[in-house]
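Chain by chain, the residues run as shown.
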Amino acid sequence: MTTTATTVPATDALPAEVKTDRLPLLLIPALALLALPLTGSFSTWVTLTFAGLAMGMIIFIIASGLTLVFGLMDVLNFGHGLFITLGAYVAVSVIGRMIGYVESPSLMRNLMAVVPAMLIAMVVVGAVGFVFERVIIRPVYGQPLKQIMITMGGMIVGVELVKVIWGAQALPLPLPAAFSGSLLFGDAAVEKYRLITTVVGLLVFAAMLWVLSRTKVGLLIRAGVQDREMVESLGYRIGLLFFGVFIAGAALAGLGGVMWGMYQQTIVPEMGGAINVLLFIVIIIGGLGSVGGCFIGALLVGLVANYTGFLAPKVALFSNILLMVLILLWRPQGLYPVVKR
Amino acid sequence: MSEPMLDLQGVHTRIGAYHILHGVDLQVAKGEMTVLLGRNGAGKTTTLRTIMGLWPTAEGTITFQGESIASRPTPEISRRGIAYVPENMGIFSDLTVCENMLLAACDTKRAEDLDAKRLEWIFGLFPALRKFWQYPAGLLSGGQKQMLAVARGIVEPRKLLLVDEPSKGLAPAIIQNMITAFRELKQTETTILLVEQNFNFARQLGDQVAVMDGGRIVHSGTMASLVADEALQQHLLGLSLTAHQ
Ligand SMILES: Nc1ncnc2c1ncn2[C@@H]1O[C@H](COP(=O)(O)OP(=O)(O)OP(=O)(O)O)[C@@H](O)[C@H]1O
Ligand SMILES: [Mg+2]
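Protein chains in written order, with the working numbering: chain A, 1 to 341; chain B, 1001 to 1245.
Next comes chain A alone, as it looks inside the complex (with noise of 0.2 Å):
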C-alpha cells in the first residue's frame, strides 16, 4: 500500500443513536400490573406493592456492595450476611440507651436515636468489613472455592462472636413512635415505616449513581468492572479501589441490618445468613457487578416475595428461585450484563 498519505473521513458516521436499554426497568411495573388482578382488591395491592418495595430497597442498600466487590475482583463474600446482622445488632445498643427518644412522639427526637444509631452502624460495620477483607478475604484473592469456604466460615464464626456479645436470644428493634402506624390512601393503608424505607432506598441509589457517574473514584469503579488490566496500567491501584468498594459495601449493608431490624422488629444472629441466599439472587438477577441491575433486581425480589406471599405461600418459598430462572432464560447475563474484557 503506497497510496499519498490522505485524511479519510471514513470515521464521521455518527453511531446509532445512543439507547439506553430500558426494558429491564419495565419489568417492574409490569409485575405489578400482573399482580393488580391476581390480588382482587386495589387497597390490598397497594398494600402488598409497598411492602415489596419496602424489602426490595432493603435489599439493594445491602446488596450494591456485594455486586460491586464481585465486579471489581470477582469476589465472591458469601459473608456479606454477617455485616447485616451486626449493622442490627449494634443499632441496638445504641438505641437501647437512647429508648427515650424512641418512644417520644416528636419526630424529632426519634431521628436523634435513629440516625446516629444508622451511622455508627455503619462505621463499626465498616470497621469491620476493613478487618474482614485484610484477614479474610485478600489471602484467597482468585480462588473462588476457597472464597466461597472461608467467607462463609467467617459468617459463621462472626454470628458466633454476636451471640457471645449479645446473646443468642431474638431482641426487640423498636421502631420510633413517628416512624409507625399507616398511612390512608382511600381505603388502602401503607404503612408509614416502608414509605420512608422506599425514600431512604430511592436516595442511597441516586447517591450511587451520581458517585459512579460523576466522580473519578466512581469512574474508576465502573472501569474496574470491566478491565482491571487496563485500570492498573493507566496508573490506578486497584486494589486500594477495591478495599474502599469492599468497606462501603460492608457499611451499607450495616445500614440494611438496621433497616430490616427495624422492618420486623425484632433480630436474631441469622437474620443475615437467611438472606444472604436473596443477595445473590438479586445480583445475579441484576448481572454480576450492574448496580443498576442490582436495583431493579432487588426490587423484584422484593415484590415476588410479597405478592407470592399472600396470593400462594406455598409457592413464596421458591417463588424468587423462579424468578431468577425466568429472567436468566431470557438474558443468561442478568438484566445488565456486565461486558467484560
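Some clues are possibly wrong.
Here are the simulated DSS-like cross-link-like pairs (lysine-lysine), alpha carbons at most 30 Å apart as the crow flies [stated by the list, open to error]:
#  : chain 1 : residue 1 : chain 2 : residue 2
1  : B       : 1131      : B       : 1117
2  : A       : 340       : A       : 192
3  : A       : 216       : B       : 1131
4  : B       : 1030      : B       : 1117
5  : B       : 1159      : B       : 1030
6  : B       : 1030      : B       : 1131
7  : B       : 1159      : B       : 1109
8  : B       : 1186      : B       : 1131
9  : B       : 1186      : A       : 192
10 : B       : 1159      : A       : 146
11 : B       : 1159      : B       : 1131
12 : B       : 1030      : A       : 192
13 : B       : 1131      : A       : 340
14 : A       : 340       : B       : 1109
15 : B       : 1109      : B       : 1131
16 : B       : 1168      : A       : 340
17 : B       : 1168      : B       : 1131
18 : B       : 1168      : B       : 1030
19 : B       : 1186      : B       : 1117
20 : B       : 1030      : B       : 1186
21 : B       : 1186      : B       : 1168
Rather than coming from a laboratory, the hints here were simulated on the basis of the structure.
Got chain A; can you put chain B with the ligands on it based on the hints?
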C-alpha cells in the same frame, strides 16, 4: 546509541506452566521509534505485558531510565511515565470518550481540567474523538476505538509509549490516518515501542527495528538498513510477514 531509555536483558517470562519468552534482549533509544516485528505467537504482546508488569519477569532485567522495573506493580510502572496501548485496546465501553480520556490522565480530577491545548492537538490527529466526545466509547467503530486507545496514551506527555498493533483490523485508509498521527507524534520526541505485523506501516515510521521469533529477538538494527537489504527482509520477514499474509 547513547544509554537506552528502556533496556531488556535476557528476559524470560513464564505464564503458568508455559515458558514464553526465552531471553529477550531489547533496547529502546530515547526519542526514537523502535518497531518490534514478528509472526503470530512470537511473543511480542508478552514482551509488552512483561514490561508493564502484567506478567512477572521470571529471569533477566528490565531497566527504565536506569532503574529496574522488572516485576514491579503495574500502576507504579505506569506512573514512571510509561503508557500502554494494549492489543485489545482496553477501551471502557460503558464510559464516554471523554471519561476514557479523563481516566488516562492519572492526576486530573475532572474533565474540565484536561489540558485544552493538548486536547486540541489530539482532536487534530483524530477528529472523530471530538465528534463523539460525549458518546459511550462502546459505540465507536473498531478504527475509532483504536484512535481512542492511542489518544489515551498521549493525553498527557509520557516518556515512553508502548503500542501493540495499532493497525490491527483497520482499513488501509484508516491505517494511513494512523501513520500520519504517529508521524506527528514522533515530532514531539516521544519515545515509542511499536509492535507491528504490517511491514508497510512499520517501515514508514520506525527508526530502529527488532524482529522476534519463538520468544527471542532474532535481529535488531536500524529500519533504514533493513529497508535497504532485500535479502535480509526476505529472510526475516519470511518469519514475520509471509506467515501473517
Ligand atoms: N495467557 C496465556 N497463557 C498461555 N499461553 C499464552 C498466554 N498468552 C500468550 N500465550 C502464548 O505465548 C505465545 C506468545 O504470545 P503473544 O501473544 O506474546 O504473541 P504475539 O507475538 O503478540 O502474537 P500476535 O501477533 O498473534 O499478537 C503464544 O504461543 C501464545 O499462545
Ligand atoms: Mg500480540
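Going down the list of hints, with the structure as the test:
1. B:1131 - B:1117: holds (17 Å)
2. A:340 - A:192: Outside the cut-off at roughly 42 Å; violated.
3. A:216 - B:1131: holds (23 Å)
4. B:1030 - B:1117: Holds - the C-alpha atoms of residue 1117 of chain B and residue 1030 of chain B are around 25 Å apart, at most 30 Å.
5. B:1159 - B:1030: holds (9 Å)
6. B:1030 - B:1131: violated (34 Å)
7. B:1159 - B:1109: holds (22 Å)
8. B:1186 - B:1131: holds (25 Å)
9. B:1186 - A:192: It is violated: about 67 Å lies between the C-alpha atoms, which goes past 30 Å.
10. B:1159 - A:146: violated (42 Å)
11. B:1159 - B:1131: Judged against 30 Å, a Cα distance of about 28 Å means the pair holds.
12. B:1030 - A:192: violated (69 Å)
13. B:1131 - A:340: holds (26 Å)
14. A:340 - B:1109: At roughly 25 Å apart (the allowed maximum being 30 Å), residue 1109 of chain B and residue 340 of chain A satisfy the hint.
15. B:1109 - B:1131: holds (23 Å)
16. B:1168 - A:340: Between residue 1168 of chain B and residue 340 of chain A the Cα gap is close to 21 Å, so the pair holds against 30 Å.
17. B:1168 - B:1131: Distance of about 23 Å is within 30 Å: holds.
18. B:1168 - B:1030: Holds, at about 26 Å.
19. B:1186 - B:1117: This hinted pair holds, its Cα atoms lying about 18 Å apart.
20. B:1030 - B:1186: holds (11 Å)
21. B:1186 - B:1168: Holds, because 20 Å separates the two Cα atoms, which is no more than 30 Å.
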